[in-house]
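Participant: Residues per chain are reported as follows:
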Amino acid sequence: MPNNSLFKIEKLSKVFEDGTKALDDVSLTINQHEVTIIIGPSGSGKSTLLRTLNLMEYPTEGTIEFEGKNILNPNYDVYEHRKHVGMVFQNFNLFPHLTILENLTLAQVDVLKRDKSEAISKAMTLLEKVGLAEKINNYPNQLSGGQQQRVAILRALLMDPTAILFDEPTSALDPEMIKEVLLLMKDLIQTGITMIIVTHEMGFARHFADKIVVMDKGGKIIEEGHPSVIFNEPKNEKTKQFLSNILTSF
Amino acid sequence: MKKLVSLILAVTAGLFLASCQGQNNIFTYTRDESYTEYITLGTSADYPPYEWPMKVSGKQTLVGIDIEIAKEVAKALGKNLKVVNKGFEFLLDDLENGKVDFVLAGMNPSEERKKQVDFSMIYYEANQVILVNESEKDSFASLESLNVASLRIGAQIGSVQQTLVEEHFNKAQTQFIQSVPDLVLRLSNKQLNAVVVERPVAEGYLKNISGLHILDLQIGNPEEGSAAAVQKGNTELLAVINQVLESLISSGKMDQIIFDMTELNKN
Amino acid sequence: MDFSFVLDPYYLGILFSGLGMTLLLALLSVVFGSMLGFIPAFMRLSRHKVLHVISKSYVELIRGTPLLVQVLLIYSMVRLPVVVFLGIDLSSFIPGMLALLINSSAYVSEIIRGGILSVPKGQKEAALSLGMNQKQTMRKIILPQAIKHIIPALGNEFVTMIKETSIFMYLGIAELMYAATIVRTSTYAVKETYIVVAILYFMLTFPTAKLMGYFEKRLSYAK
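Protein chains in written order, with the numbering used here: chain A, 1 to 250; chain B, 1 to 267; chain C, 1 to 223.
Chain A with its partners taken away, still in its complex shape (with noise of 0.2 Å):
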């Protein structure tokens, strides 16, 4: 598949102030209209690498380039960055204030300075492909779990971003609507859009992705590759453990 690499992280390091470390010499790179998932054992770091992706964490050292550009440069534009870089998170964070509408329309009018009349009727067009537009006045706590979930990556989506950041996307839902959560993910994949998955749905991992990367506690990168050679025949002795831990066979 003919790429760019979309972001480039050298030597990416995070260390809290009591000395533990998130993030250990991390360096990967995330190619374009690829989904990048990774897995690993909680206390890896693997939330931490993907939130510094859209700058919602800082490294304390390291480098990450973004289409070539170093988004830890203090004069690097961060909302901009974030029109462009999405984000999906474990517990949807859709406004409860707002109807299911204004949730998707909110930040079209206001950060993408669209018209207000355009912004609705792109989020009607994405809802009735999901099925949820007659859900438009409702608001957030009338919905589902597996609803409002998708709601937010609908909300994500709108802003036409180059990448969507997954944090955990299904790890809060209960078992029954995990299933129509990760349709409309692997829907989104045909766009072509970038997509950086953290997750532990490894069904959805085989399949989709394009690149597994395996995290190990202490934030170190144990292994990347393919997912039919994470899955089937791992190198690194830490990566058979975590897999023979997480897929119940009996």
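These are computed hints drawn from the structure, not numbers from a lab. Only a predicted model underlies this, so the values are computations on that prediction, with no experimental measurement involved. Just so you know, not all the hints are guaranteed correct.
[To be verified] Covered stretches of chain B (chain C as the covering partner; in silico rule of three or more C-beta atoms under 8 Å from a C-beta of chain C):
(1) 44-58
(2) 78-89
(3) 97-103
(4) 178-185
(5) 236-249
C-beta: ideal position from N, C-alpha, C; glycine also.
On the provided structure of chain A, position chains B and C as indicated by the hints.
Facilitator: Only chains B and C this time, still in chain A's reference frame:
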């Protein structure tokens, strides 16, 4: 949200208007229609028969010995009188700041106070008396009988009565607060055994509240009394006040005022 | 006990006048105190250490000293001539009001700050991730959600203020306690006056508490 804000504003505005018609603490007395200027008296209208609030011809006003004297002073100056009613503690500060021109508040010209303001001559020598409950009137035959740790004795804070209590009843438990009516209430409630106040004040309470009694004991120096206060250095006004007081006393008018006001105090 | 003065329209008038003034003072101090309160609230939330320290000290100082002391201090510092405006003695009203406003703003700033901090962190993150800046985030996402917590707490502050206005009686502002001194001196019915006054204060504070409950309900999201 907007509705709430406008509701609050409407209520606030309404209250503003309503309160204009309502009470305030400044009273005017026209001595003569032809007078154009005002002189301002500061007082604390919580102290009959010296000064207290009363309804006269349907309107709320202040009456009392000090008010009558102030009216005479105003007349002598060819001005009308304004009276500002405030907490007792603030009177001398207000005088110092020039907010009021003179103060009459049944005030004793103590050495402490003389440091802050100048006083006129004494215009009324009040005797101090001890007010007790009728039920206990036979328990106290002498001053010493009150100087006992199990008794509670009260007086107005910062007054000459307080000094007397501290002097004579140093073994007893004491209570010094700002408000004389509150002291008398506590006496009636048997929370205090005795309250030391000036005779005319005590007599007023006697006539209006049942169950009280004035002990037949002498306390304090009869030469102490009440005087008017002016800003330090205001010798002009002080001279006028002293003149007015002199003439009131020598003409017998002062005695008449005292008698009238004490009568008025007996509801 | 002799409550006959309650039937006399003259005394009732004095008391209700005082009640009105009390309500007015409480309203003014809460309304304007709230507006003022935003300043220390945001200063304390800011990342600039200096602003944070200044506002924190201000708030702690005001909350740590009695209102009476603050009123007396400000009264002795603000010297104005006796001017009657709309029936109120400004030389007492202005310093008294100033003290109440400063006092109220400190407490309100903590209420505002608490309300803002009680909004879940994820809300701010979601707003930022969409490219919104700090101002947009505060105005459109954080504050609207913070209001839900702020309003009931403000109601409590209002009830407190109603009671604190009694401090004005020493300054000669004709609020309810001042009216009480007039009535009790004229009628000699000291205890009875206090009982009636307590009831009148309650007539103000009780409906306020109920009103706050009503607003709390209305502000919670559609169910």
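Participant: Taking the hints in turn, state whether each one holds.
Facilitator: Hints versus structure:
| no. | hint | in the structure |
| --- | --- | --- |
| 1 | 44-58 | holds (count 8) |
| 2 | 78-89 | holds (count 6) |
| 3 | 97-103 | holds (count 4) |
| 4 | 178-185 | holds (count 5) |
| 5 | 236-249 | violated (count 0) |
In summary, the structure is inconsistent with hint 5 from the numbered list given earlier, while agreeing with all the others.
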